[in-house]
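Colleague: Sequence:
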Amino acid sequence: MEQKIRTYLQEVGWQQGLGLENHFVVRFLAQGECNQNFLVADGRQQFVFRLNYESQMNLSNQIMYEFQALGYLQPSLRTPKPYYVDDSRRYFPQGLLVMAFIPGRPLDYRSDLTEAAAIFSDIHNLPISDQLPLKREYRLLTDRVAECRQLLAPVFKSPHMSAKQLQLFEKAWDRCQKNRRQEKIFEEMNCWCINNTEVNAHNFIIGEEQGWLIDWEKPVISHPCQDLTQFLVSTTTLWRGHHQLTYDEKKLFIDQYTAHRSIDQGALEEALAIYSPYMMLRALAWSAMAYDQYLSGTKALKNQAIFEKVSQYLEPAFLERTLKEQVLAYD
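When you read off a place in the sequence shown, starting at 1, and then add 1, the result is the number in the numbering used here.
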């Protein structure tokens, strides 16, 4: 694959367009659930070559969707700059894009909460254009219930799930379905913004001077509590680590975030409390769907670490406790 990418960049002219020297190298960088990323470098410049294998949003133009979002996000100065996109599938069967490589380390929840709050506020403060071609989720709780029902559809038919697990999911989904009327608060706050929706620690890059948020595979325009809740809950903080945020750490993060935004903190904290059960259901429903795909052999791109993590999340004791988690509950 590395050689194929090198040949592609030479043949389509992107080597010249990017200003790469002839001795540039290509090496594997990282792989997630739906994308493979390769580093392209010549000693002076570094880029990410990203191949998309499937869409979590059921989009036929997944890579173009991500490319357009990255273009819109540039004024925030917190996201990678996109350079090229190719969704023709002529050379690769996958859509692909080239964007800037950002050096740094993953976010550390113990030391980087203030920087994370600044990253979110800079991105969420961007003005929203009616012409922006991104999915909108204004009926936040209704949209989550519908998404979770779709995620759980194959799970309820899976031979790999226990009766206890299915009972917990059904009960949580029913509870969320019955409480959808609470979504009025999001409309009343009227603070719509672009959300990343995949804000685990490894999608942040902390550099020497500032931090960045990468991996814009499935952004939506919605209420900021989508990103904020997901960032704070245990299924995210435990995804690539072992840390669970304390109440004081969560409160520090929210205080820092609202300090940089024209938003009522009391209303925001109420919105976070309302959205918490929906976020937990969504995170765990996705885990169950992925778990079933791995065991059924239908997963196009596999990652053993992710399989082990979703297996852990579906242990009945963890599942029962986490489905009831509240973002700002006292320790």
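No lab work stands behind these hints, which were simulated from the structure alone. Be a bit skeptical, because a hint or two may be false.
Simulated pairs of lysine-lysine, BS3-like, Cα-Cα distance not exceeding 30 Å [stated by the list, open to error]:
1. Lys-158 to Lys-172
2. Lys-300 to Lys-165
3. Lys-310 to Lys-158
4. Lys-252 to Lys-158
5. Lys-303 to Lys-5
6. Lys-185 to Lys-158
7. Lys-219 to Lys-136
8. Lys-136 to Lys-300
9. Lys-325 to Lys-158
10. Lys-303 to Lys-185
11. Lys-179 to Lys-303
12. Lys-82 to Lys-165
13. Lys-179 to Lys-82
14. Lys-136 to Lys-5
15. Lys-252 to Lys-303
16. Lys-136 to Lys-158
17. Lys-179 to Lys-165
18. Lys-5 to Lys-158
19. Lys-252 to Lys-165
20. Lys-300 to Lys-5
21. Lys-82 to Lys-172
22. Lys-136 to Lys-165
23. Lys-172 to Lys-5
24. Lys-82 to Lys-185
25. Lys-5 to Lys-165
26. Lys-185 to Lys-5
27. Lys-219 to Lys-158
28. Lys-310 to Lys-185
29. Lys-5 to Lys-219
30. Lys-252 to Lys-325
31. Lys-252 to Lys-310
32. Lys-82 to Lys-5
33. Lys-158 to Lys-82
Colleague: Starting from the hint list further up, note which numbers the structure goes against and sort them upward.
Modeller: 4, 6, 10, 11, 12, 13, 14, 15, 18, 19, 21, 22, 23, 24, 25, 26, 28, 33
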